[in-house]
Amino acid sequence: MDKQANFKQLFVFVLIPLIPLVIFWIIPLIISVWLSLTNWDYISPTYEYVGLDNYLNLINNDAFLDALNNTLLFTVATVIPTIVLGFVFAVMLNQLRKTKGFLQGLMFAPWITPMVGMSIVWSWMFNPSVGPINQVLGLFGLPEPNWLSDSSTAIWAVIIVTVWKGVGWAMLFFSDALTKIPKGLFEAADVEGAGLGQRIRMILIPLVSPMTLFLFIILTLDALQAYDQISILTQGGPSGSTRTLLYLYYEMTFQQFNIGAGTAVTVLILIISAFLAFLSMILSKKFVFY
Amino acid sequence: MEKATRSERIILFLILAFIGVFMVFPMIWMFLSSLKTTEEVLGSTMTFLPSDPQWSNFSGALELAPFLRYIWNSFSTATVIVLAQLFLSSLLAYALTQMEFRGRNVLFMIILATYMLPAATTYVPSYIIISRMGLMDSLAGVVVSNIVDVFSLFLLRQGFLKVPGELIEAARADGASEWRILWRIVVPTSKNTLINAALISFIGHFNNYLWPSLITNSEENFLISVGLNRFFNSQGAFGQTFPLIMAATVISILPLIIVYFLLQKYFIGAISSSEGIKG
Chain A
7 MDKQANFKQL FVFVLIPLIP LVIFWIIPLI ISVWLSLTNW DYISPTYEYV
57 GLDNYLNLIN NDAFLDALNN TLLFTVATVI PTIVLGFVFA VMLNQLRKTK
107 GFLQGLMFAP WITPMVGMSI VWSWMFNPSV GPINQVLGLF GLPEPNWLSD
157 SSTAIWAVII VTVWKGVGWA MLFFSDALTK IPKGLFEAAD VEGAGLGQRI
207 RMILIPLVSP MTLFLFIILT LDALQAYDQI SILTQGGPSG STRTLLYLYY
257 EMTFQQFNIG AGTAVTVLIL IISAFLAFLS MILSKKFVFY
Chain B
15 MEKATRSERI ILFLILAFIG VFMVFPMIWM FLSSLKTTEE VLGSTMTFLP
65 SDPQWSNFSG ALELAPFLRY IWNSFSTATV IVLAQLFLSS LLAYALTQME
115 FRGRNVLFMI ILATYMLPAA TTYVPSYIII SRMGLMDSLA GVVVSNIVDV
165 FSLFLLRQGF LKVPGELIEA ARADGASEWR ILWRIVVPTS KNTLINAALI
215 SFIGHFNNYL WPSLITNSEE NFLISVGLNR FFNSQGAFGQ TFPLIMAATV
265 ISILPLIIVY FLLQKYFIGA ISSSEGIKG
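In order, the protein sequences belong to chains A and B. Just so we're aligned: the first sequence equals residues 7 to 296 in our numbering. Just so we're aligned: the second sequence equals residues 15 to 293 in our numbering.
Derived by calculation from the structure, the hints in this document are not laboratory data. A couple of the hints might just be wrong.
[Unchecked claim] Here are a few chain B residues that face chain A, going by a calculated C-beta distance under 10 angstroms:
#1 F101
#2 L126
#3 I142
#4 F220
#5 V240
[Stated by the list, open to error] Within a straight-line C-alpha distance of at most 30 angstroms, the following computed DSSO-like cross-link-like pairs (lysine-lysine) qualify:
#6 K14/A x K279/B
#7 K189/A x K106/A
#8 K279/B x K291/A
#9 K189/A x K279/B
#10 K186/A x K104/A
#11 K186/A x K205/B
#12 K291/A x K186/A
#13 K104/A x K279/B
#14 K106/A x K14/A
#15 K279/B x K176/B
#16 K205/B x K176/B
#17 K176/B x K14/A
#18 K291/A x K176/B
Because the structure is a prediction, the values reported are computed rather than measured. Each residue gets a CB set at the ideal place from its N, CA and C atoms; glycine is no exception.
I would like the entire structure built from these sequences, with the hints used as guidance.
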């Protein structure tokens, strides 16, 4: 039985740890929602309540719609490859014996490196004339894009860096889930004479589905908040092609000091995140097989 | 799945080794580039290995910006943040797992919900709060505003749930206080979970960029990522000093690479234990 806590215990064990959470999360969240309903510019001492004007302006703003579009593309094109490749690598690694740990170590290494430092390195790897990527592509006679300075390829460069950094992390989660699958299931599949495709479809995928949902949510929330790599590689450019919602928020708030509109953008990111969180809870009850 | 045959394993190993090399290639290339001359890097013919390793690039980078100071700032703030987080999260996780009080489940749901929300939403108000506290442009400001960490709370809660109830019952029967039970029984039993939470959090705060870049202005208070990016921009993104920029990046990444290779087992363990958070 848990012990019924008295007031002094609640004070020490609950109230004190909650102080930073309240000061730096809950109160700021509430203030942000309020600020998104004002026209504050950070410098003037006064501001006015403008209702939903900031939101209505955003919906009619092409830069916002482009950013929404870019965010959607960036999120889908990072989350899906990260999960699929992470799963495939984990299944392959699971077949190995002695070398498994070493290879896992190599693949996971990008995750611990700082995004800022590695984005600086990648910005040179993408350099069209002296970067190694185009030099290798050239050796094989493949097209050599201008990567970061071309508005049709820049977002893909940012996506490549993001997937590179996250895929080892997803692989480790899947590796762990795979080692927990009961061996007996595969023996039963042997008896039934199931082929490799059937095994993956009938056993592996259903059994790692809770892990997949967990990764899907975490990676999506991360993608919605991606900033470091965009800030170093492209600064939202060229011509806004890599400006995601979060980057738009950064520009509006900390470069143009348009606090009202900027916080409105983050409140929208917040609503998207909350919706995803809610969706994940429903999905985990319905579609995930344990 | 039944284990692959020996020859299948060799093929798999070769494929995976190729992928593994690809994953660490940016780090290798960064290191090799940091040892080259500018002419070698900007030359039209691709050279892989530096023809004459320029170890002086490292001292050259250290002369241009105080990278050791930045690394120390990142290391010290991340350490203090992690210790404070573990202390507060241990208390709260203990209350959430071992104590009975009204609103316990609601409280947990609220904390869970905040974990899902984007940190950026808090930046403007937190910025004002930090400046009202007089902590703008200080390492104390970086520490204080980063103490909240819901992720480590989840990890610890998950770990504390696994502590055998009999241990705690026995201690209570002996008249031990809750405080004592937490620090003498629950925390030592959950040592691995604490190490895992500490590592994940340490890496995140050591590498932290956006928020510290907003609340620090003077060079002496930059974290490594902030200082490195200022250096990168001040040198002209694609300028003549590319090998120096690579040398600076090597210096900034090296501490983490060393920690990683020493504590690799704990990182992998951290992932395994954080699994099931959503379960």
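Now the hints, each set against the structure:
no., hint, in the structure
1, F101, "8 angstroms, holds"
2, L126, "9 angstroms, holds"
3, I142, "8 angstroms, holds"
4, F220, "8 angstroms, holds"
5, V240, "8 angstroms, holds"
6, K14/A x K279/B, "40 angstroms, violated"
7, K189/A x K106/A, "19 angstroms, holds"
8, K279/B x K291/A, "33 angstroms, violated"
9, K189/A x K279/B, "24 angstroms, holds"
10, K186/A x K104/A, "19 angstroms, holds"
11, K186/A x K205/B, "22 angstroms, holds"
12, K291/A x K186/A, "21 angstroms, holds"
13, K104/A x K279/B, "15 angstroms, holds"
14, K106/A x K14/A, "51 angstroms, violated"
15, K279/B x K176/B, "21 angstroms, holds"
16, K205/B x K176/B, "12 angstroms, holds"
17, K176/B x K14/A, "26 angstroms, holds"
18, K291/A x K176/B, "24 angstroms, holds"
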